[in-house]
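Undergrad: Go by the hints and put chain B onto chain A.
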Amino acid sequence: MAEVLVQAERVEKFFGPNKILDGVSFTVTRGETVVLIGSSGSGKTTLLRCINHLEKIEAGRITVNGFLIGYRDRRGVLIEDRERNIARQRRDVGMVFQRFNLFANLSVLDNIILAPMRVRGESRAVASERAMRLLARVGLAEKARSFPASLSGGQQQRVAIARALAMEPAVMLFDEPTSALDPEMVGEVLAVMRGLAQDGMTMMIVTHEMGFARQVADRIIVMDQGRIVEDGPPERLFNAPAHPKTRALLATRH
Amino acid sequence: MHFDWPYFWHQLLQPDGAFLQGLWLTILISIGGQVIGLVIGLPMALARRSASVFLMWPARFYIFLMRGTPLLVQIVFIYTGLAAAGILRFHDITAGPFTISGNVQAGILALGLNEGAYMAEIFRAGIDAVDRGQTEAAKSLGMVPAQILRFVVLPQALRIILLPIGNQFNIMLKNSTLVSVIGVSEMLLVTETINSATFRTFELYSVLALYFLALTSIWGGVMRYVEWRMDRGSARGDAMVIGPLQGEHA
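Residue numbers (my numbering), protein chains in the order written: chain A, 1 to 254; chain B, 1001 to 1250.
Pulled out of the complex, with its shape left as it was, chain A reads as follows (with noise of 0.2 Å):
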């Protein structure tokens, strides 16, 4: 029996007057690669900043390991948690944004080893040893000692992308990791994915790739107005999509 990893139970979420997120519910199952899909303003990037409470919630709930998101629950009533348990929750939930997010001030290494000793109190021998390996993997470890300034955007996402493995989160988040990049350096970040999901890490990935996505996803989950309208493998959605939304993305994004 697979085990659940991330369970979100029928989220609400607004902006304002406007409902992003409307009774969303769905559980991803350790080592599984969840692709989200949807037109823009369709809540996918917001569903996946409630994982890690980037944004708060005003109905449902989320558990990322079986532990609460962002939330205490007071005889069935949610109440914000504090600052310090929730900066806690995060350390198993990595984050990868669309526009890289390194800390301009440092360099790559130590961009890399900035929370793993900080957060998780690490010594510099052991989080730079970690790192070095984590570089390698995405290919970079000759630029530890560069800032993130001088780097094309796809290396600066693969150094996100290590960045955040280095706290050896039990998820992975990706929010269009591949969407503020030029063409010719989206291939060497959909590599370093690729790797990763043949390595067992859980993601959720959304992305506007849809070869990618039919390629690595183990499950794809088609978003419209702020609501899951299709859930299912790639196989399943590309040849026989259910809903009209999907048939609409599949077409338009080859």
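Calculated directly from the structure, the hints in this document are not laboratory data. For clarity, every value in this text was computed on a predicted model and none was experimentally measured. There could be a bad hint or two in this list.
Under the rule of at most 25 Å between Cα atoms (straight-line distance), these lysine to any residue pairs were calculated in the SDA-like manner [stated by the list, open to error]: (1) A:Lys56 x B:Leu1082; (2) A:Lys19 x B:Glu1136; (3) A:Lys19 x A:Ala59; (4) A:Lys143 x B:Arg1229; (5) A:Lys19 x B:Gly1133; (6) A:Lys56 x B:Arg1132; (7) A:Lys143 x B:Glu1136; (8) B:Lys1174 x B:Leu1163; (9) B:Lys1174 x B:Phe1199; (10) A:Lys56 x B:Leu1113; (11) A:Lys19 x A:Arg72; (12) A:Lys56 x A:Gly66; (13) B:Lys1174 x B:Leu1113.
Some chain B residues judged to face chain A by a derived CB distance under 7 Å, without partners named [said to hold, decoys possible]: (14) Gly1133; (15) Gly1142; (16) Met1143; (17) Phe1151; (18) Val1152; (19) Pro1155; (20) Asn1170.
Even glycine gets a Cβ: it sits at the ideal position worked out from N, Cα and C.
TA: Quick look at chain B alone, frame taken from chain A:
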């Protein structure tokens, strides 16, 4: 018009001991005021940005008060006003051969309190100018707010506000003359004193102006050097000279 060139050159190149002491006092007061301003400014900026009303409103009020009233009034209020009300009297402090008189302390404090309000706004602007994505990335790695501030946001904010802070110190050097009103013998008051004995007013104030120009020019040179260093740093691709992890070795 008669300009007494020999007197002018004499005062400029071989000023009285009293004038030189005034020069040192001007520098001491300016640096003292700026340091206090910096020390006050950061916590005030954080309080001003805080979600807690108990931090945010006092900080807002302090900034409102200090920016909304004349510095000259603040100086007199702190030295003369507080003493007259019996609230606080500044006594001379002696440490070994050095004595800092009460009015100098009051002057530095007043300049510092005033500067703190402007520093708070500069720090706030600098912190706000750091890309939100930096904070989000740090959050996603499990860092707590204090760590995010110290290791990620503040180093980048400092770089942004270095030049505005330098600009403030230029203003501070000139505003230090205001403490003459509570009898601090900085350059302006010394000049006035010499003038009342010699009446070489034009010559003396020309010398005073030139000394201030020299101070602000030297400071301008320092800031240009800092700017040049920073630009060179960015050209190489390293965004910061001051890195929080540098100098720490396991």
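Undergrad: All hints are to be evaluated individually against the structure, with a verdict given for each.
TA: Verification of the hints:
Straight-line distance between C-alpha atoms of A:Lys56 and B:Leu1082 comes to about 49 Å, which puts the hinted pair past the 25 Å bound. For a cut-off of 25 Å, the pair hint linking A:Lys19 to B:Glu1136 stands: about 23 Å separates their Cα positions. Straight-line distance between C-alpha atoms of A:Lys19 and A:Ala59 comes to about 11 Å, which keeps the hinted pair within the 25 Å bound. Using a Cα cut-off of 25 Å, the hinted pair A:Lys143 and B:Arg1229 holds, with the two alpha carbons roughly 23 Å apart.
About 24 Å separates the Cα atoms of A:Lys19 and B:Gly1133, which keeps this hinted pair within 25 Å; it holds. For the hint linking A:Lys56 to B:Arg1132, the alpha-carbon distance of about 17 Å falls within 25 Å, and the restraint holds. Of the pairs offered as hints, the one joining A:Lys143 and B:Glu1136 holds, with about 24 Å between alpha carbons and a cut-off of 25 Å not exceeded. A threshold of 25 Å between alpha carbons decides the hint, and for B:Lys1174 with B:Leu1163 the separation of about 17 Å falls inside it, so the pair holds.
Restraint check for B:Lys1174 and B:Phe1199: satisfied, since their Cα atoms lie roughly 23 Å apart, inside the 25 Å limit. Note on A:Lys56 and B:Leu1113: the hinted pairing is violated, with a Cα-Cα distance of about 39 Å set against a maximum of 25 Å. At roughly 23 Å between alpha-carbon atoms, A:Lys19 and A:Arg72 fall within 25 Å of each other, so this suggested pair holds. Restraint check: the Cα-Cα separation between A:Lys56 and A:Gly66 comes to about 19 Å, which is no more than 25 Å; the hinted pair holds.
In summary, the hint linking B:Lys1174 to B:Leu1113 is supported, as the alpha carbons are separated by about 16 Å, within the 25 Å threshold. For the restraint placing B:Gly1133 at the interface with chain A, the shortest Cβ-Cβ distance is roughly 4 Å, inside the 7 Å limit, so the hint holds. This hint holds: B:Gly1142 has a C-beta 4 Å from the nearest C-beta of chain A, less than the 7 Å allowed. The beta carbon of B:Met1143 is positioned within 7 Å of a beta carbon in chain A (closest approach about 6 Å), and the interface hint is therefore held.
A cut of 7 Å between beta carbons decides the hint on B:Phe1151: the least distance to chain A is about 6 Å, and the hint holds. About 5 Å separates the beta-carbon of B:Val1152 from the nearest beta-carbon of chain A, less than 7 Å, and the hint is met. A hinted interface residue such as B:Pro1155 counts as satisfied when its beta carbon comes closer than 7 Å to some beta carbon of chain A; here the least separation is about 4 Å, so the hint holds. Hint on B:Asn1170 is violated. Least Cβ distance to chain A is approximately 26 Å, over the 7 Å limit.
Hint violations for this structure: numbers 1, 10 and 20, all remaining hints satisfied.
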